[in-house]
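J.: Quick mapping for you: the protein sequence lines, in order, are chains E and F.
For what it's worth, my numbering labels the leading residue of the first sequence as 4, then goes sequentially.
For what it's worth, my numbering labels the leading residue of the second sequence as 11, then goes sequentially.
Hints were generated in silico from the structure; no laboratory data involved.
The beta carbon of each residue, even a glycine, is placed where N, CA and C say it ideally should be.
Heads up, some of the hints might be wrong.
With beta-carbon atoms standing in for the labels, derived distance ranges [claimed, not checked]:
id: 1; chain 1: F; residue 1: THR100; chain 2: E; residue 2: VAL88; range: 56 to 66 Å
id: 2; chain 1: F; residue 1: HIS78; chain 2: E; residue 2: VAL88; range: 54 to 64 Å
id: 3; chain 1: E; residue 1: LEU56; chain 2: F; residue 2: ALA16; range: 52 to 62 Å
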Amino acid sequence: MPDDPLADALHAARDGDRRAFATLWRGLHPPMLRYLRVIAADHAEDAASETWLQVIRDLGRFDGDLPAFRGWLFRIARNRALDAVRRRPQPPPAPTTSTASSDAATVTLENDGTAWALGLIAQLPIDQAEAVMLRVVVGLDVATTADILGKRPGAVRVAAMRGLRRLAAHPQVRDRAHPSRQGV
Amino acid sequence: MRHLRALLTALRKRRSTDTDLAARDPGLRRLLDAARAPATAEELDGEKRFVDAYTAERKRAARAARRHRPARIRAVLVPATAGLALLLLTGTAVAARTGNLPQEAQQHAHRLFSALGVPAPRTGTPSPGDTPAPSGPATSRPGPGPAPDVAAFTRCEAWRGAAPLSSHDKRKLLADAGSERAIGDYCEKVRRSASPAPGSAPGSAPTPSPTTPPTPAPAPPPPSSPRQPSPSGSASVSSSPGSSARPSARSPARSPTGPPARASTPARSAAGPAPAGARSPLPPSSGERSPAPRENRSGKARTSAEPAYSSADQPENGRNDPPAARATVPPAKEPSTAGRPQRSVTGPPAEVTDGRRLPSRSARPSPAPVTRS
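Extracted from the complex, chain F is given alone in its bound form (with noise of 0.2 Å):
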């Protein structure tokens, strides 16, 4: 105990020695007193213009405070507005994305950002450009006529032999009709209420596909299935019902060898594929939305205008037809107006550009010209 407290007593006197050499030492001490001396008029010659600076900087300050204070509340309100702007925009993103705007606001986004995948509102009557929802029933439409119209026409179009007719079709067609002698007067009523008017709203062509329920979904009819002969395979499919796909994607065995022995008008049904179409109910709806109807449009005219044809006019309106168009080979039972685009598009060239090779056609007209000159 005795050695520790000599040892710290030492360690004070040496460090006492070494802080206080000054004092023990005259000449340092007056040095350092003649370091420490007041301050001289020269050392103190720049107070006021350092007092200036420190009263100009505390302005500047004070100024500069004031105009920080609406920055401070700039600085929490912008990033605060930011943030729920930005939340705004996400939910009403999210909302578009998924459909769940309000109508019009969803039709707009669709119309700006339907490149983003923003759906077009849920609406009855889907536009012509938008696929069929899958949703079947679940859709709304326009108005319940034509769904009973379409799901009756399919049962005739069954009962008729285009089609296997199901003992559950045949009993509610026969509910329908009200007996069996009936059915062939139902069917043709049915046939006339689903055939639109020319004129029709083309909101009543999409109708069928949603309800084609009781039957089973068949294998979409192929691409150059004679009914359809628009080149546009996926618009016909999915405009065309699926009783008329029914038949189609079974009509080339089953045209040939015709109706069967209780179809009343068997020339109708064998005359599924071709521009016979055109008078069926189902494929002028869906002609409004291709093109192939157009094309059996100028057919017929072309047939009511064939004796007027010139002979420049004839080979390109040939050569126009579809290929679908001139492929068909109408049967011997086709009637006058199916089988009168065929004669147009292979008769009239024949007869006019070529009379040689047909003298028999050709030898009436041509003593006329001759007694004329």
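Chain E extracted, bound-state conformation (with noise of 0.2 Å):
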């Protein structure tokens, strides 16, 4: 399982291993920043530096195992979130990228990318973005990102649900799942 040498790594940092919380940095900073990146934009960078600032300050106090830690973490990332986007609005969102590209390398590009992945899932609504982003890319249980995201199991549920498919249904989405109309 990938979660043991991150469990492990965590018994070890709250002891004050400085390697191995450079292993649990580098097994959760990507996917907690993908999320950043999909509810704060352009303050996803200082979202991040700040949830991990208060994890480091905290992590002494901090008594749970993996999934816990993994709730925790995101909590405390979707707070500097809203609190980074409260203090300084996003700006209106550009058009889309994917269809204005004329550009058909760089499309293609993009829609390999991570980058294409994370634009397309943010522009669902928040709520279904979110619960794509955390119960399906991170990989969170129903119940922690119930927690996180202040709501109910079955509503967590049914905004991942709605938002896999409605990306589904997304043109690009369907043309990758044709790749032979993707050269047309």
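Join the two chains into one complex using the hints; note that each chain is given alone, in its own frame.
T.: This is the structure in structure tokens:
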């Protein structure tokens, strides 16, 4: 299981192991940053930094296993992102690059990349985007996701399902589903 | 049962359909794979920065933990010490308030916090400002002498007629004197022994007050009683024993009629109200505490220096006399020592200031200046 090394790293990092903390950071920072890019866009880096600083400060007092730590980490990240968005409102969203792009190679690169995926998820309504990111991309369970979002588990399930269906119906995703059409 | 199992299967299928939608849709699967892709170098850019921050934070936390250890000890010690001190202070305050401290500490506390009601220590000699303790015989005394003297003096006064003599007191008087005929001598002896020396200690003054046990407590004498000319009625009442208080309460009725026939010195007993108190044993003792005897002494001085008074001094002295002293009407039986102050109050001013009003007296000195001139 991929979480096992992270669970050991969490245990060692609580005891002050620098390398264990580095392992923990390498394993959890990318999904957290991607989640923050979906919900906070340009403020994602600042929110991620504040989140890790708070985790570093309070890690000695944390008492729980790895799923609980992931839930704690993403709850902090969500709160910091909301604070950052509240402090500095996001600029109006730019027009979708995928449709505006005329270069086929650029489109292909973007469609293959993580940024393309996150950009499509970010176009969802915020509750569906958050549910998709936390439930499907990060891999949190329903209860933890519901706890982070402050919703009931059923609402989280519904939001994730609707978000996935909407993504599946997206033209770019449908194009990716039929690669023969992509070159057309 | 079959329906229930089918329902569960349908629910599971529906749930799996919702969660595994990505697995069934290749486009969505590709999108989610892209979103779950391994971290890029750009995303892992700040690893060293956060690891350094983590290390610094751990060091700071370790230092703080070392610093907090004595703080934790302090957090326990300070409330415990404060509680102990509070308990100690409360106990001391209660002990001081109830007068249970050691004598010196109680005296100190009384000096500092008398306004808060801290009593003085229970010593043998009450200070002049203290009210006599009503405990009577229980109060400690500096010496055993004065108490029987005052009791005997009280009985002697009663025997002379200043107050009714109870049969108990009479028996006691007879027992003390030995016989009925010796009562006079005995009482004279008691009077002499009870009258204090001019420089006697003030401690003997308050002794009579607690030792007036056998006689029933009479009503306190009125403040305008001629025996106590001092304006402070409370001080004179507290300082004078019951024996002196009783005659003074009845003296207005008795003193004009004179003493009974068996009184050996009627003038003295009848002269109780006025300056004759200066000679009786008790008023001098109370005079140590009240300003009244000072006026008496000044009256005496006036009598002795009467011829030397100037015309300017006499009216002033007369005005300075207390009203009670001016109002005293010495009876004809008054001894010379008691009569002189009265004359000094009334006589000399008229004699000196207005010589023409009293020609019979001023006639004699008047020729002398004439002859001198």
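J.: Run every hint past the structure and note whether it holds.
T.: Right, here's what the structure says about each hint:
1. THR100/F / VAL88/E: 56 to 66 Å: This hint holds: roughly 59 Å between Cβ atoms.
2. HIS78/F / VAL88/E: 54 to 64 Å: Distance hint for HIS78/F, VAL88/E is violated at roughly 37 Å.
3. LEU56/E / ALA16/F: 52 to 62 Å: holds (53 Å)
Of the numbered hints stated above, the single one contradicted by the structure is hint 2.
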